[in-house]
Each structure stands twice: as C-alpha cells, then as structure tokens.
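Q: Listed below, chain by chain, are the residues.
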Amino acid sequence: MRLTRSIASALLLFSAGVAQAASAWSFDDGSLQVVAKKSGDNVKEKLNSKTPLANPVTLGSLDTLKLGLTAKDNGNGKRPHQAFLVLQEQDSGLEAPFPMMVKENGKAVLQITHKDLPMQFLVAKKPLKASIVLASFGASQGLNAPAFEVKIGIDPNAPAPTYEKPLRYGKQPEIHHIFRPDPKSPPKVVSLFFTLLVVAALPALLIGWAILGGNVKHLSTALSRAPLSHATFFGSIVAMEFVFFLYYTTWNLFQVLPVMAAVAAVTVLSGTKALGEVQARRLAGDR
Amino acid sequence: MSAADPLQVLASAGKGESTRSVLRVIILALIAGAAISSRLFSVIRFESIIHEFDPWFNFRATKYLVANGFYNFWDWFDDRTWHPLGRVTGGTLYPGLMVTSGVIYHALRALTIPVDIRNICVLLAPGFSGLTAIAAYLLTNEMTPSPSAGLLAALFMGIAPGYISRSVAGSYDNEAIAIFLLVFTFYLWIKALKQGSMLWGALCALFYGYMVASWGGYAFITCLLPLHSFVLICMGRYSTRLYVAYTTWYALGTLASMQIPFVGFLPVKTSEHMPALGIFGFLQLLAFLDYVRSAIPSRQFQTFLWLFAGTAFGVGLLGLVVATSMGFIAPWSGRFYSLWDTGYAKIHIPIIASVSEHQPTAWPAFFFDLQMLVWLFPVGVYLLFQELADEHVFIVVYALFGSYFAGVMVRLMLTLTPVVCVAAAIAVSHLLDIYLNAKSPENPDAAADKDADGKKGGKAGLKSTNKPLVGIYAGWVKSVIVSSFAIYLLLFVMHCTWVTSNAYSSPSVVLASRLPDGSQHIIDDYREAYQWLRQNTREDAKIMSWWDYGYQIGGMADRPTLVDNNTWNNTHIATVGKAMASSEERSYPIMRQHEVDYVLVVFGGLLGYSGDDINKFLWMVRIAEGIWPDEVKERDFFTARGEYRVDGDATETMKNSVMYKTSYYNYQNLFPPGQAVDRMRGVRLPEVGPQLTHLEEAFTSENWIIRIYKVKDLDNLGRDHASAVAFDKGVKKKKPAKKKGPRVLRVE
Amino acid sequence: MRLSLSFAAALFAAAVSAVSTTGNRLLVILDDDGDKHVYSKFLGDLKSRGFDLSFKTPKSDSLSLFHLGERSYDHIIFFPTKTKGLGPNLTPNLLVDFLNAQGNILVTLHSNVAAPTSLAALLAELDIQLPADRAGLVVDHFHHAADNSSASAHDVLLLPPPKPVRSDVKDFFSAGAGPDDVLAFPRGMGATLGASALLNPIVRAPATAYSYNPKEQVGALTADDVFAAGTQLSLVSAFQARNSARLALVGAAEMLQDAWFDAEVTAAAGGSKKKTLNREFAKRLSGWTFQELGVLRTNWIEHRLDEPGDARSNETNPNIYRIKNNVQYTISLSEYAWDSWTAFAVPDNDDLQLEFTMLSPFHRLPLSWDTSRSSEAASAYTAHFRLPDQHGIFNFRVNYKRPFLSNIDEKNTVSVRHMAHNEWPRSFVISGAWPWIAGVAVTVAGWLAFCAVWMYSAPAKQGVRGDKKTR
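So the protein lines, in turn, are chains A, B and C.
Residues in the first sequence are numbered consecutively from 1, following full-length UniProt numbering.
Residues in the second sequence are numbered consecutively from 1, following full-length UniProt numbering.
Residues in the third sequence are numbered consecutively from 1, following full-length UniProt numbering.
Treat the hints with caution; some may be incorrect.
Unchecked claim - Straight-line C-alpha distance at most 20 angstroms; calculated SDA-like pairs for lysine to any residue:
| id | chain 1 | residue 1 | chain 2 | residue 2 |
| --- | --- | --- | --- | --- |
| 1 | A | 171 | C | 165 |
| 2 | C | 170 | A | 276 |
| 3 | C | 84 | C | 30 |
Claimed, not checked - Not close to chain C: a few residues of chain B, all C-beta gaps over 10 angstroms, as computed:
| id | residue |
| --- | --- |
| 4 | 23 |
| 5 | 308 |
| 6 | 356 |
| 7 | 493 |
| 8 | 511 |
| 9 | 512 |
| 10 | 653 |
| 11 | 710 |
Said to hold, decoys possible - Pulled from the structure, derived: some chain C residues nowhere near chain A, Cβ distances all over 12 angstroms:
| id | residue |
| --- | --- |
| 12 | 34 |
| 13 | 36 |
| 14 | 40 |
| 15 | 57 |
| 16 | 67 |
| 17 | 94 |
| 18 | 97 |
| 19 | 230 |
| 20 | 231 |
| 21 | 258 |
| 22 | 283 |
| 23 | 302 |
| 24 | 338 |
| 25 | 339 |
| 26 | 386 |
If you're looking for bench data, these hints aren't it; they were derived computationally from the structure.
Using N, Cα and C, we set each Cβ at its ideal position, and we do this for glycine too.
Work the whole structure out from these sequences, hints included.
A: Right, dumping it as structure tokens:
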C-alpha cells in the first residue's frame, strides 16, 4: 500500500513539476443570491475571483444564500477536490468551511441558511467575511479569494440566539469588596452643645435644692454622733461609683464582682447604723 | 408516694407552729426529692446521656464555656455551624443555662469535687425541678392562707408530666431552668405587689433578668405582668403598691434584660415589649393624676382627667404607629402572629410550622400531661375568683392566657403547667380543708347545713374576710369524699410515674424497641453513624443534612454542618432544602459552592421509623419553594391524583430528587427481586432502585436509619458525572454523530 | 512528599542530564521492535534526558499498567499499531485510571493506520473527536511541502512554529524558533476538540487545510463528508487533567521519525530549503507531556495579620481573623524547567490572582512579586488587603489554572469572626456619645449630692417636704 502510493506520488511529482508554473484554479459565472422566503426583494450579485463585492449582503433568519459558480482549472471546467466557501467571523477569527456541491464539469452550487451557521456567527456584530477556496491535488495553484461579506440579520420577533462563552482558564476580572459605610457621629458642635446642656443640669439641680432650702448643715452633727459609720457609709457609696467607673474603663466583670460584694457588704453594715442615726434625727424632728 | 404526707400532717399534726414548720420543710424536701428522682428514669432506663437535639448544642456550648472562660464564650464565633456563614454564637444564644452549669461546675471544683461537666448538664434539669416545686409552694402560699395548698402545689409541680416532659435527666434545655425562674419571678412579683416593696420589686427584676438570660419565653413574663397591672388598673385597683412594684420591676428588669447580647435593644424596639413600656408610661400618668387629684377640686379634675387621658392615649398610640411605620419599632414577628392564627405559620413561615413542637395541641395531650389537674384547674380558678384579691387576679389572668397559648402550641403546655398546679392545689386543699376537719361544726346553722356546698362559696366570695361557719356533719360523707380524693391522688401519682417512665424518658438519640421475648432492644443507629463520621472523615468535613440533625452532628460527630436547629437563617435552610429536593445535577453546584463533603439522610423505611427525612421531605420542599418558587414546586412532588407517593407511581421530580435517591439507593438489594417494601409507608418499591452519579454511598447504619453519602469531586477528566459513571460501568459512548441545531465552533 | 520527590529529582539530575518531576519509567507501545529504529533519535533523546524506556507490544502478556494498585509506569507513548484494539491490558478504563493516577500519555496517530478503538474511546472521554472510522488525512493545497511525494498529494503540511493562541499563555513549544522555521506534519490525522477548558490545541491546521478519508473520498467532498477544516482541526493537541496528568495527541507519528527530524523541505509557495523544527518540537512536546516543562509547585503559603503594633501580627497562618483586619498573603511558587526548579514568572498579560471567598469571591486581587523573599529557585508573590466586613468561614484561594501549566489550586481556610465586645471603639471616642456619657456622670454626681443632702440636710422652713415629694 505504502509502496504503491509512494510510486504514484513520485509519478505525480514528476508531472506536477512540469505543469506547476502554468496552471491555477479560478472560477467563472459566479453568482450570489439571497432568497427571502416571503418577500420578493431578492438580492442577486455577480461574483468574480479578482475583486470582492463592495457591499455586504444581508442574510435574514429565514433567507437562503445561494452561491453558484463554475470551477476552472487553467480555464477548463473541472471538479476540484476542495471547493469551500469559508466564512470568517471578524472579531474572533473563527472560520467555518461550507463545501460546495460540485459536478464533474466544475459547476458548483451552495446554499446556506441560518440553520447551517455556527452559533458564534449568528451573534456576530460585524459582517462575516466569505472567501472562496478552490483547490485540488496536483500542481495547479489553488484559489483562495475573498468574495463578499455577509451580514446576519436577526429576526426581532424570534428569540435572540444566545451564545455562552465556554470556560477558559485565564485571568479573571478583579473584585474589590465594597465595605459598608462606618456609622457616623453628628457634628461635634451639636454633641458638645448637648453635652453642655446635660452638664448644666447638675448645677441647676444643686441651685434648685439650695433655693428650696437643701443644705448639709447637719454633717457635723451626724459625724459627731456616728462618725465611723457615716464616714464609711458615704465612703462606700462613693467607692461603689468608683468601682462602676473602673468597670467602665479597665476592669472586667470578674474583677468587679468581688469588689462590689465587699463594698456592698460595707454599705449594708455601715448603712444600718448611719441611717439609724438619720432616722433618729427625723424622729426628733430635726429633718 | 408523698401525696399522703400533707393529709397525715393535717390530720395528726402537732399543734406547735415550730413543729409544723419542721414538718413543712421535711415534706418540701421530700417533694423535691420525689421530683428529682422521678426524672431519673431516663438515666436508669438508658444512660446518662444528653437528649434530643437542642440540648446537644447547649451541652457543646457549655463545654466551650467551661474550656474557654466566660469572655471567650461571650465573643464566641462558631465556625463549625452554618458553614460557611458561621454563627455569632455568643451573641445569639441565651447564656443563662450554660453559665448556670458553668458556675455549678466551678463551684464544685472549688469544693474539690471533681464532676464531669456532662453529669452536671444531665442532672441540671432534675435539680432545678426540685427548686421549681419549692417556688410553686411559695407562690401558692401567697394565694391562700391554707397551709396545705402550697405543699400540694409543690407536689403537683414536682410530678406533673407537663413539666417533666421538658425536665427529665439529660434534657438539658433552656426550659430546664426557665420554668423555675418563671414561677419564682411570679412569686417575687406577687410579693412585691402585695407589699409595695422596692426590695421585692428589685428581686423580681433580678430574677426576671436571669429568666431573660435563660429562655426566649421570657416574653411571657414581659407581657403577663403588664397585663396583670392593666387588669388591676381597669378594676380600679390602682395603688402606690402597684406603682412601686411595677416601675421598679420594669426599670431594673428592662435594664437587666438589655445586658444580654441576644436581647440587646429589643425591649425598646419590638412590639412584643411595647405593652410593658406602655403600662409603665400609663402608670406614670396615673401617678401624676393621683397627685393632681389631691391638689385640685374634683369637678375640674373630671374634665381634666378625660382631656388628659384622651390626649395621652392618642399621642401614645400615634407615636407607636409612627415609630412602627418608620421602622424604629419592629412590627410583630411571625412567631407572634402564629400564636393568634394557627394557620398563619403554615403559609408564611413554614420553617416554624415544620417543628412538631409548634403545632397546635391535640386535646388528649392536655389529659396526658395534666391528668386530673385538668378538671381541678377550673375549680381552683373559680375559687380564686371568689376572693379576687390583687394576687388572685394574677392567677386568673395567667390561667386564661396560659390555657390559650397551650392550646395553640404544644410547647407552651410548659407555661400552663405551673398555674394549673397552683390552681388545682388550691382546689384540692380547699376541699380537703373542709372534709378532713374531724370535728363537726359546733354551731348548727340551718342555712349552712342545707346548702353546704351550694351557696357557701358565693357568700364567702363576697366577703372573704368574714368566713361563715361551714362544715360537714356526717362522717361517712367525709370518709367517702376523702377516700375518693385519696384514690384520685394515688391515680395521679401512678399516671405521672407511668407517663414519665414510658413517654418522656426516651433520649430520642437511641431508640428502644421490644424483642419478641419482651426484652428491651436498643437501636443505636444515630450514635453509630455519628461515631463513624467522627472516626472516618476529615475534621473539617462539612456535613449536609436537614437542620434537625445539625446540633447532634455538631455535638456528637464534631463536624461542621450547614444548618442546625438554631434556625436563624431561613435562606440557608432553604438552600439545603433545595439541594435535597432537586436532581443531582442541579444540587451538585449548590453542594460544591457550600463545600459539602457528605450528605446525611435519615431513612426509616427498613425499621418503620416515622421520624425520617422522607416524612419531613415536604417541609423541605415548602421551605425551599418559599425562596425559589420557580425552581422547587411542591406540586411536582404529588402525583396527578394529589398523593404523596414513594413507590413506583412517584412523580419524576420525586424520583430524581436527591432525598429520594439517597434514601432508597440500593435498598431493593436487601429484598428478593421485586419485593422491596418501605415498612414506614407500607408500600412496595419499584424493582430497579435509583442510581447515583454525583454522590457515592459512604456509610449506612445497622438498621439503615442513617445513610451517609460522599459528594464526589469534579471529574478529573472534565466530564460530567453521569457520563463518567456510565464510562466506568462500561457503557460505550455514543458518537455525537449528527448534532441537532447549529454547530458550535471551538474558540482558542 | 513533594520535597522528597524533588530531592530525588536533584539526585537524578546529577547522574543524568534531566528527568521528569513525576518519575522516569516510560512505557513505549509499538507493534514490534523493528519499529523503534524509525524513532531512534526521538527515543534516544528521551533516554538521554534520563527516561527509563520499556518497550512492549499491545498484546504482550507481561504488560500491566498497574501493580498492586500502584502505577507500574509513569508515562506511556503510543506509536501507531496495526491492531484494531489494544487488548485487555490497555482498555480505555485502565488508561483513564492511569490518567487519574497522574500518569502521562503521549498518543501518536498516522493517517494510514486506523487509531485503535481503545485510544479512540479514551480520546472521546476527553472530548477529542477523531474522524469517522478513526481514519483521516489532513491535506492542505496551499501549505504543503513541495519536495517529494507531497508535491502532488499535498499531505505533508509545513507549518509555522506553533505560537500560543492567546497572548497570556506562556510559549512552550516554539520558543527559540525563528519566524521562518517550519514544522513538518507528514500524513497526519487531525482531530477536533470539544469545548472543554482542559483541552488545548498546540498546533492548529492552517485555514485552508481539511481532513478527508483518502480511501473513500477521493473524488470531490460533499458537505457531509468534511470532518473538519481550517483552524478547527487540531493537529497536535494537549489535555491536562485536573490532577495535572497530561496527555498529548500527535496527529502524525511520522513527525517524530528520524527521517523528518533533520529533513530539509521547501514550501509549496516557494522559497529555499529549510531544515525542519521537528526534533526540537518533539523534545519540547515530550518534555511537556512527561512533566519536564510547565510544572508548577507551591513551596509555601503564608498569611498573617498585618496590623502594625498588634502582637498577633507575628503569628503565621492563624486560624482566625477579625473582620476588617489588614492581612498579608504570600505564596511561593517554583516552575520546573527540564532539570531544575526555577523561580516562576507569571507570563505577560497574565496575573496570579488571590481570591478571598465565601460562597463567592469577596476579593480577587493580583499578587505581586515580592523580590525580598524570592530566590532563583522560587518566587514569592504577595498581596496586602483588608478583610471584608462579613464574618464567616473564608478561603484564601489561589486557583491558578492556565493552559500548559500544571494546576495550582491552593485553599487555606480561615474564620473571620465578628468584632468582640471589647474591640469596638470606646464610647468616649465617639463624639455622638458624649451627651450620654455626660448624662451618666451627672447622674452619678447628682446621686452622691442627693445622698449628702438627704442625710445631712438641716430642716429648712418648708422646702424639705416639697423636695421629698418630687423625688
């Protein structure tokens, strides 16, 4: 098998070498037709292998593109092994060949509808480039000539063809997390104003008491009657507030609880005595 | 048991007050002992093990608390649940239970008693039930002067099945301590109200704070106390006592409740807490009016009152509506609506309705849980109605609302039980006080003699202080009544014991069954499967299962789960539902996205176990449909005739769902060809079982209750799983000879 | 494992000139021993690179790809064999298992010999389609060699050096070749590739080339006859499985024969005689297939807190971070090139990207070269970023899958926790809280003052009563 082939090809090589310079493929009677199914506005153009058509033809979703030509090898009608109409999508460079039906005498026809087109072509933005390739074995120079351009018309009523890009490994778009905005405080002036307002309540309270007759005139009396318990009681109340303050600033719960227990015990013990003294004054009509 | 104790005490008690006190203490101690010991059935029958579902989380959280300390527990971010969202556990739980156990644990440690934390957790609920009995005693004693009523209430409380159902040993749930806190808070509230005491009010607030820290059911107190106050006000019983008690409780209690991270600002933001706030404001108004009334003449006061009350009410209502519509106050939550409309949850929040605890109570359950207390309860309420002091109003209000809620939700039987016990104890003690009086009445009064039972109550009710002389003369009447009640009480004790040992002591982690010879057989599939997971999977292998098993997987298998019984994220649960209800091809991307390694399903077909996933499946579908109505449709799981079937006539959607496939995969191989039977649903299964492509069987437990599947990795060669499986089985790939439709070119 | 392997590799490198990263046991499947002389240069090159060649015929009884569940060979070359199938030892399932076990396969076809069914089935699993009846010949009437038999049969294609089809892909197969160099593709079979991302054409046919069955379609071609044409026709294809096992399909086994290694050819379009690139290409192709080229390795990964002044910044790879923490992530990569690990440089137009994902990526950031931690044998890439304000279980993920480079998919799981109770800004820092703090302070002061006044006040004329009332 291999031997015969190589002999055959050697013979062909010989003959090819003789004829090479002269022969080449070309075509005649090139015609291009777009047949619409319903309306009669058919397009018909003449094709030739030297110059492509100037304007793109439009292929609607129900239209049929018909191509006819006669392939010629060195001027004689002949059937080439490869008679393709190659469509190319301009953005991605994707190509699809459409072999023509060729008769022995080189007459070739081709019909293309939307159904024959690959998915990517249907969603193409730019017109498709069509070129005609005629070539065969032997020495004749093949023809690869740009012929015309096809614009894909999409039926606005039918569902638009969708093409999902297949997964390809590569760089993906960057993502940056968008953070929620931080909570904002009102303007400091406002806060300060209200702070002052709140702080002002304390002097107002004290002044109010003073006007109503509040005083601490009995402090000495109380201290002289029960000095220790009054001092510790009031001290423990202050100490409790201080514990709260420490809890707010540095301490944690487990540091606070024992101290609070201790202070509370002191408050209760000294409080009974101290408040007893206060009660005694009240019963005496001194309050 | 000790039911006879109070009777004997009353019959033969020494006259001295101190003897009575000692006896009372002893009896209370015995009751507490009885309450604790009857809850130990579960340990004796089975073992010292944490029960059910939620307790497993509480147990895990307690272990974390004990191991990492309080502050780490507070800031705990749990990355082993709700994968991959995680759960801010420290901020989304009621820490009271865990902290209580932790304190007990450390206290015992300090006393050099080394106890395993598990034992503390198992025995916490029985321990607190003893305290609940005592709290019930105290509460009842505030209601009636009868010394026996309190003891009876303590007894009822100790052994009533309605409470035991949530507090057997091992049932380490929030309710374990919450019921004690509930009853005790009520006691303190009554105390504060009766005395108008700030101290008792503060104590009440303290225990209210503890309650808030322990159980979401604290809202019951939050609503009941204002309601009680409101009813009192409406009855014209506003008093400074009420003012002091309520304002002290509300101010301190609200502050205390806001310390719990999970509660936070809810008390001032949600509608459920608004009644308490409203009554607080209302009381301030009343106090102010009280003051004004004492200051200005009464005629002017009338107009002033109406004007003032009208404006105040209008402004308050307007403020509430505006604040709610502006979103400052959250509207009523779905859970709340479902309390009024039992059908609401099923339509709007299937996740709540899917829990059996949230179903309306079946009527037999009342008898099952309360037995004779059911009919004693109204009698007690009636008797209290007769006297109707402030504290009696409380019980009446409590009884009304408790009964309603218990009828709406099975779970809330728990909150009803205390008031039932109190009321029933009052009824029984009232009866016994009359009939156990050995002496005949000395003053033979015709009226009292004739209608001994009829008018007596009415008269006594009108003037509670002035008790008419009533009594029973005939000894046989007394003996009949007393003996019949003794029998009732005995029956009650027997019923409670029977219910406790047979119905409420099962850990539900292990199932008990009887062998033909009558001996007990333990079905231990759950633990078998969890142990398998623990020993055979990576430590961070993510398990997808329906949320019911999330806590158990986290607690027993120590593996991360997608969803668990803390149903905080409905979408995430719906995602799992969708993955279970969709076909393998559609559920695979979901599982990949959530990094699922294993799928765990519960299948009861072989054993006839009713709590399996096929029976829960419709809930999964419904919950998923709530989020993705276009992708999951409940209708697709019913046959054309509207039947939910799993046999050969099951719908295609059903047969292709992951849940169906994983449940029945390989099941037919257990039987002779064509004889496969689902014993749970009692149907014959098709001869050819489902085929799996994206999952592979990893483990099936002894009785097929738990089935675990591994999620396959993406195919190494980039094929889809179905064709990879077909290739492995030797099916020749069909030539993609003539493809229909337009060609697709390969790019690049 | 990897380390020991690379250590072993280093040892071997001392003994022989080079060796693959995954082992050197190479199985060559031929019809009979006579055939191997045709490929002597190619096989010799392999041998000199350190491969340990075993020759087997498909029907050999001693042929077994696995021994006790472990691969017996690391790589396989299939040369065209006349047999229709490949026997029970080389079933497609076994070959798939071989790929799954990280073995590499080089398949060569020839237009005169129908591809064995076993290989066709394997290729079909990978989404590579062969022409009908597993036979076909690629011809190009425009780009063929004009020297010998091909002058009229047009079956020796002369192709430019295979450049990568995308600008961001590293050039493994034509590096060093001049623009005028040609690759001879004699009497080969073309294949079409499915849409899979695991497949990549190395050499695509020229736009005018097409495939036909020389036995049946001698006359003209009809639309149904054309298997594929133009660039859709892949002459040399590469497949890399998810586990980085590689398979290369060479349409023309003759490419690798001695005759074409140093042949001189003239293009049909004219021009002078040129030496073919085949030997260099064969070396590169086999080097790639057998894991000598384009093999990436992760040396180490390090992530840590990047907060100045925080003691935890010293901890490497902690399990837990907090939301809004600044973190640093560094990954060290090496690339194997023939005989040694070198620093991996990301190709131009490409980025090594780090994703920080939970369900979906929150961040996807390019990693930049960190010169201070790179060496000749390893390059470190690093990124600094702020964690999102969403707690959860996140992955640092470097998923670097590129054509012709072995897959890097590194996932490091960390938990991102919420703010702990004591990590928020203190209330005195927040200006909006000042009135409230002042309120607390005033209340405390007022309470103390009240205590003093209540306890120590002497009776006033009538004020005391009023005072008490309002309290």
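Q: Under the constraints set out in the numbered hints, which ones does this structure not fulfil?
A: Hints 2, 19, 20 and 26 not satisfied by this model.
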